[in-house]
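Could you fit the two chains together into a complex? Lean on the hints.
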Amino acid sequence: MKRPFSLALAACALVFAGTPVGAQELRIGMLTTLSGPGSGLGIDIRDGFRLGIEHLGGKLGGLETVVVEADDERKPDVAVQKTDEMISRERIYIMTGQVWSNLALAMMPTLARNQVFFISPNAGPSQLAGKQCNPWFFNTAWQNDNNHEATGAYVQKRGFNRVYLLAPNYPAGHDSLNGFKRYYKGGIAGEVYTPLEQMDYAAEIANLRAAQPDAVFFFLPGGLGINFIKQYAQAGLKDRIPLFGPAFSFSQDILQAVGEAAVGAYNGAQWSPDLPNELNRKFVDSFKQTYGRLPSLYASQGYDTALVIDAALRSAGDKWMDKATFRLALEKVVLETTRGAFRFNRNHFPVQDYYIRQVVKLEDGTITNRIVEKIFEDHEDAYVQECPMNR
Amino acid sequence: MDPLLLLQQTLNGLQLGVMLFLMAAGLTLIFGIMDFINLAHGAFYMLGAYLAAWLAGLFDAFVPSVAVALLLTAIVGFLVELVVARELYRRDHLYQVLATFGLVLFFDELVKLLFGPQPIFLEPPPWLEGQVELFGAPYPVVRLAIIATGLASAVFLWWLIARTRLGMLIRAGADNREMVQALGVDIATLFALVFALGAAFAALAGAMAGTIVAVRIGMGEEILILTFVVVVVGGIGSIRGAFVGALLVGLVDTWGRALLPGLLGLVFERSVADAAGAALAPMAIYVLMALVLAFRPQGLLPARG
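Order-wise, the sequence lines are chains A and B. Residue 305 in my numbering is what sits at position 305 of the first sequence, and the numbering runs on without skipping anything. Residue 1290 in my numbering is what sits at position 290 of the second sequence, and the numbering runs on without skipping anything.
Source of the hints: derived by calculation from the structure; they are not laboratory data. Keep in mind that a hint or two might mislead.
As the list claims (entries may be wrong) - With a cut-off of at most 20 Å between alpha-carbon atoms, the simulated SDA-like pairs for lysine to any residue come out as follows:
{"#": "1", "chain 1": "B", "residue 1": "Lys1112", "chain 2": "A", "residue 2": "Ser35"}
{"#": "2", "chain 1": "B", "residue 1": "Lys1112", "chain 2": "A", "residue 2": "Glu73"}
{"#": "3", "chain 1": "A", "residue 1": "Lys238", "chain 2": "B", "residue 2": "Gln1131"}
In isolation and in its complexed conformation, chain B is listed as follows (with noise of 0.2 Å):
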């Protein structure tokens, strides 16, 4: 394998993980402080990526489209709170289940409303358009933004859980959701922020995939579930988990869209290494979540050590 080949596969998967980190971030919070099971987290994602298309076109400022987006989706995800999510917390997880997929269908079918049923894209602007050079091979500039806006992400979320009065809050809620609510800590509205927060995370997230793919219908369905594999690879409740699982899935799902059929070429004739490469690299992330689960069922770094 050509080193500046395995460099370029390397940033690509980077760049899925850490675009699968600010979903999981979001997701693991949730599940892990409120044992709220979110299956509508996608739908953040889409409407973040549908916002940031929208006023991207409307205003021809990238940057301030996609924060307004991030705001307007943090907004909504403190309504589901408050309208859906708060009536389910000490329900059955079957409950909620089924209303967040219903909440699914909702948003798709709001979003088909509002903006039409064809894909639309996000045009990113022109400093983002073009290739660096990396080691004398060519890389897309927007991949790279997108890899350094997730790590910014990743140390402002870390500084936040870290640093901060919120973040302590947070993690207490985490680890024990009945002592901090004894202490005199208003629950509700800490749940409340922290679902807004995770609807904001998720919508950077669209919004950095509208870059470089559709922005489409359905499209969070499709990521809610390697950000499910993250989770439960990183471990519930966990944001360092988080953010370990999702560079790792991201890695090995590259590596093994990348690498598999070559290193099988290696074995095989190429028409069969060919067919068996197609079938057995999707299958990658869910071998490691398999053997995650069979050695070490709590994740790799879960939040109640």
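Just chain A, with the same shape it has in the complex (with noise of 0.2 Å):
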């Protein structure tokens, strides 16, 4: 009795899977932070999403291609609401846009079940790296640790030996700071969390003078590094101790706003605005003139996920509807991006190159990152071997 029925259900579902959405019409839902704390990252991942899309001439793979936005205001609920809306009344093919873990581990379940793409132009969490990755699931930008590895190796390899550690008290603080030591095996003058929604870190930057670190390494995203740079400079560290940290405490969005308080820092990063090439360059520039200001590092992760999925539309062909056709094509896509050369490792993490920039003032006044060397090749994140997927 149990299998007819499930089998019904299945012939159901597939029936319904398979029913042409206008004339094949690409459906994209770019679900992302669009209000409150954070809609900096959400915007910058639309915008350049937008644009990659426009230099594709506002078709990816050649196919009439609707981008169904919604706000998910940071919060997992809403997140997961509107992933449901996006599926049953906007019947998108792929979801993107998505910049925070938690809301990416919420919407995970109901995309893997109603077999929608999910291809993250951010959130990378540690999880869907390893044990539980998903045939579903995607990421186009990096592993959430990699960066942190990154500015971890460089700090190794500057010699520096007493290092001050701090980070907000949440999933992603830990990683962060996990993923710097796995890289960096010197002395640790202090380790902090601090919860989430501080803002003023006197009393912190007051115990790390007096612990006379030689380096600093923080993780703090969005407004909350905004403040503690400005506060690190009103306490007079910046030129005394250096700071160091992953892109996030660096990022465009967060320089337009600390200014001359960041010239100096070194952040480990897999994009940086004056890559040198083409693509890139294009990039930037156009960027800057369609939206009047200097793109982040999520912006180009927005752009890229736009080539990766042009790109794999193109390899499938007319079979890009057959959604194991096109899984298959994500797979093996190679591809230049504004980052250089880009292919997904067996977990659907990105395989690329990492490197070191650091924060300078630039004649015209302009306060952003340049990079000074690179420090990974090739560089893969640390749970693709739990991953049992592709074997």
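Written as structure tokens, this is what we have:
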């Protein structure tokens, strides 16, 4: 009795899944944070993605492309509810845009159950890279730890031996310091976790000064980092103890707000506005022209996501609506992006180069990042061995 | 513990304390005199910070910008009393909570429309930049200026409450509203003035906060929670209580964050102490509040002694 029923259900699912939506129309959900704290990241990703589609003639893979945008307000429950809506009402084929790992993890079961491709332009939690790697999940940016690892390797290489560590007290904060310590093996002058909603770091900065470290590594995304960098400079430590962090602590959206206070700091990233390739030059120039501001790494990730989807669609050709074919096409994607050569590892996370950037003030007064050196070549994440997929 | 570091952390605690006092003074007066719960008090703080940052960006004059921001916020406070609060004095506290929570949402959206969703900064003027040496340890000038402004405001408020006719009426109102009314005092105007005064002090706290943290939507809600803790610890309706409570909360919060991990490190292993310290430090002020409620439920220095 049980089997015919589930077979019938499966048949129904197939019928619905196969129903063509318009004439070969590609429908993409762009669910990201467009309001409240952290909206700067979401807006940059969306704008980068828009620009990517525009540069591809408004069509990804030569198909009529419809992008449905929605705001998740950085709340997991809102993200899940809007995901449901996008699947049932908008019948999306691909979901993208997600910034935050906790939201991505909350959305994943619904997307996998409904067989919707989830191509994350940012969130890359360790779970989805390792044991829970998922055939429906792809990440076009990095695994969460990677930029912290790059910075750790650089701090190690520079020979610092008394590093003070600071991160917010939530999963990504602990991941950050673990990633850093995976490549930094020297001494640690202090390790501090602050509440995620804390804005004033006076007490921590006074303790930090007393600990007399030779370098500081901190991961404080968005507004937290803006406050910390400002207060660090106000305390007169900027020119005494060098600052290190992942790219998230010194991305363009943060530099815009903190200005001079960040100049001189080092950070690890998979992308930089001065990467010397033709595609990147075109992206940076045209982003500046279109939106009137410099792109952050988040914007480059949105842009590259459009390029990756486009390349996979082209190689899948007429069969792009067959999900197995499209997945294989994505897995096999090899292309040039704004950050140079790009390909997926077998856990659907990128294998790519990482750089150390320094915050500089240009002659025209602009404050931005410039590459110091390449720190990792063809770097893969630390969790791929635990992933049972495509072994 | 290094005594110099202890001094620095004490200054940090005082700096948080005087900011909380400026918030709590208004909140406790409004609650003590009018028996009105104002959740929108944090909105005045946010508004003051945004107006000061915006004006300072336009005119490049720090002190006048802050002064005008205080005045504008006081006017907004006056209008809020006139339009919203006045209708609700005779209603249950639940109505007041609902209405003022609505105001919180209203002001958050208003600020987003006027200034955009991205945080902005109030750049301190050059004479507030840099550090001064205190016994050989540098301390940011801007934080010392905040402490000085806060203490000066406390003295001003003490003078206003203890030495002026307006202050006398406010104290009388806090003690016995009906009697003051019966003696022919225009209680409606008095209430509106207190509301405006509270808004101005909240705006001053917001403007001072703007020099050290980003000015952003929702900043008022965060400090409002701490402010309620201060009012409960100090005693409702009492300015002296607000002062003592604010300094106590500021010091306990800062010392907790600064010292707990180190103290725990004496007993536990390093990684355990770090994790436990991070978890326990934010609780310190609530433990303080619980202790006060358990042993002195009316607060440390209540208005009606």
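Now the hints, each set against the structure:
no. : hint                    : in the structure
1   : B:Lys1112 with A:Ser35  : 10 Å, holds
2   : B:Lys1112 with A:Glu73  : 14 Å, holds
3   : A:Lys238 with B:Gln1131 : 12 Å, holds
In this structure, none of the earlier numbered hints is contradicted; all agree with it.
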